[in-house]
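Protein sequence lines correspond, in order, to chains A and B. Going by our numbering, the first sequence opens with residue 1, and the numbers climb by one from there. Going by our numbering, the second sequence opens with residue 1, and the numbers climb by one from there.
The hints are simulated quantities; they were obtained by calculation from the structure and are not laboratory data. The reader is advised that the hints may include incorrect statements.
Claimed, not checked - With the C-beta cut set under 8 Å, the calculated list includes, among others, these residues of chain B facing chain A: (1) Phe54; (2) Leu77; (3) Trp83; (4) His106; (5) Met193.
Stated by the list, open to error - With a straight-line cut-off of 35 Å between C-alpha atoms, the simulated DSBU-like cross-links for lysine-lysine are: (6) Lys72/B - Lys141/B; (7) Lys120/B - Lys126/A; (8) Lys120/B - Lys120/A; (9) Lys134/A - Lys41/B; (10) Lys101/A - Lys72/B.
Predicted model only: the values in this text are computed from it and were never measured. Even for Gly, the Cβ is constructed at its ideal location relative to N, Cα and C.
Protein chains: 2
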Amino acid sequence: MKKKISDSSIHRLSLYFRALSLFEMENYETVSSKELAKHEKLTPAQIRKDLSSFGSFGTRGLGYPVHELKNKIASILGIDRSWRVALVGIGNIGSALVSYKEFMKHGFQIIKLFDNDQRKIGSNHKGIIVSDIKNIQQELKESNIQIVIISVPATVAQNIVDDVVEAGVKAILNFAPINLRVPDDVILRNENMSMELEYLSFNLVNYSQEDDIEEV
Amino acid sequence: MKKKISDSSIHRLSLYFRALSLFEMENYETVSSKELAKHEKLTPAQIRKDLSSFGSFGTRGLGYPVHELKNKIASILGIDRSWRVALVGIGNIGSALVSYKEFMKHGFQIIKLFDNDQRKIGSNHKGIIVSDIKNIQQELKESNIQIVIISVPATVAQNIVDDVVEAGVKAILNFAPINLRVPDDVILRNENMSMELEYLSFNLVNYSQEDDIEEV
Numbered sequence: 001m002k003k004k005i006s007d008s009s010i011h012r013l014s015l016y017f018r019a020l021s022l023f024e025m026e027n028y029e030t031v032s033s034k035e036l037a038k039h040e041k042l043t044p045a046q047i048r049k050d051l052s053s054f055g056s057f058g059t060r061g062l063g064y065p066v067h068e069l070k071n072k073i074a075s076i077l078g079i080d081r082s083w084r085v086a087l088v089g090i091g092n093i094g095s096a097l098v099s100y101k102e103f104m105k106h107g108f109q110i111i112k113l114f115d116n117d118q119r120k121i122g123s124n125h126k127g128i129i130v131s132d133i134k135n136i137q138q139e140l141k142e143s144n145i146q147i148v149i150i151s152v153p154a155t156v157a158q159n160i161v162d163d164v165v166e167a168g169v170k171a172i173l174n175f176a177p178i179n180l181r182v183p184d185d186v187i188l189r190n191e192n193m194s195m196e197l198e199y200l201s202f203n204l205v206n207y208s209q210e211d212d213i214e215e216v
Numbered sequence: 001m002k003k004k005i006s007d008s009s010i011h012r013l014s015l016y017f018r019a020l021s022l023f024e025m026e027n028y029e030t031v032s033s034k035e036l037a038k039h040e041k042l043t044p045a046q047i048r049k050d051l052s053s054f055g056s057f058g059t060r061g062l063g064y065p066v067h068e069l070k071n072k073i074a075s076i077l078g079i080d081r082s083w084r085v086a087l088v089g090i091g092n093i094g095s096a097l098v099s100y101k102e103f104m105k106h107g108f109q110i111i112k113l114f115d116n117d118q119r120k121i122g123s124n125h126k127g128i129i130v131s132d133i134k135n136i137q138q139e140l141k142e143s144n145i146q147i148v149i150i151s152v153p154a155t156v157a158q159n160i161v162d163d164v165v166e167a168g169v170k171a172i173l174n175f176a177p178i179n180l181r182v183p184d185d186v187i188l189r190n191e192n193m194s195m196e197l198e199y200l201s202f203n204l205v206n207y208s209q210e211d212d213i214e215e216v
């Protein structure tokens, strides 16, 4: 039996990884929970709790070893290896994602592209020839794709996801603004950039710098 | 004194808004916390708790009035109005965001674009003429911009954010893969699409369908 880690803990691990990469570049050998906390605007207790749940790191009084902790977190997140990724839908967002350096930097290699537009099928995007969506099941299997990114219009997204699931892919990142249905053994994440702006507008509407804010 | 709402509660409000929009399209007049919970894969208790913290909604036994609750959440999130948004950096991601329909749909109107590339300055993107980054402070003020989206390389992001802050903008969405410094009265959100893939790789590495998973 494994314990399920909360979404926000996983998110914080990604942040710690980035912070530790910076500390490493600046030649820090160790870092305290207090320093990490300051960097991430979290409490030292939160950081100690997150890290302790993945085993014992660090020595009381000496802090965490930067290089070792960074590698350990990379291993926990699965970004110490290469992932075979396919992207479906070479529109505005899809095209941008093919060139998105952060994916490559963390081991996510987009090696297959799919579209249904005859003008795009066969064209070359960053060295990858765009495949016809109608062959997606077969080609996902042949290329042993582990993660699929969906960046198609909402109206066609469910049909494509059904094909992706049928091909045996267990992890999907969805940019289409729609709730997709997947079986319980498939992990689906939705990315909607508008929701980040809604976080900002919420704060603009509800708080101003003059307010005292009490954390609950 | 106002109470600070957690990031994840704000995020869930955005999800509820989308779910209620769907229920409204399907002509539901009321929806129960159980139905909303099923739709969002949350517990009914979580939903009642979130909604009760914004005032009393719904009638025991009858559920929540869909249209009224949707409008109330829109008002809480500040998406019942128009926001004046500027975008800096017309690269791959920036270009995609200018055409991103979800922004417009929720009231986020990109009305100013900035770049430092002479080939881009003066060009027309979706009806907006790209301005020279060197005039950003003055133009943000003149256009009364409320939210700025940063999609520039990490190396130049801090300088640009300093200008944006100097111009009096209080809300920034950052796509550059770097931790930016802003004063306490400015709200900054970072968007890093790689972190969503890291959530997937974490799950692929740590869980498989055969595992029993205990929620902690």
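Evaluated hints:
| no. | hint | verdict |
| --- | --- | --- |
| 1 | Phe54 | violated (10 Å) |
| 2 | Leu77 | holds (5 Å) |
| 3 | Trp83 | holds (6 Å) |
| 4 | His106 | holds (5 Å) |
| 5 | Met193 | holds (6 Å) |
| 6 | Lys72/B - Lys141/B | holds (31 Å) |
| 7 | Lys120/B - Lys126/A | holds (22 Å) |
| 8 | Lys120/B - Lys120/A | holds (25 Å) |
| 9 | Lys134/A - Lys41/B | holds (31 Å) |
| 10 | Lys101/A - Lys72/B | violated (39 Å) |
Hints 1, 10 from the earlier list are contradicted by this structure; the remaining hints agree with it.
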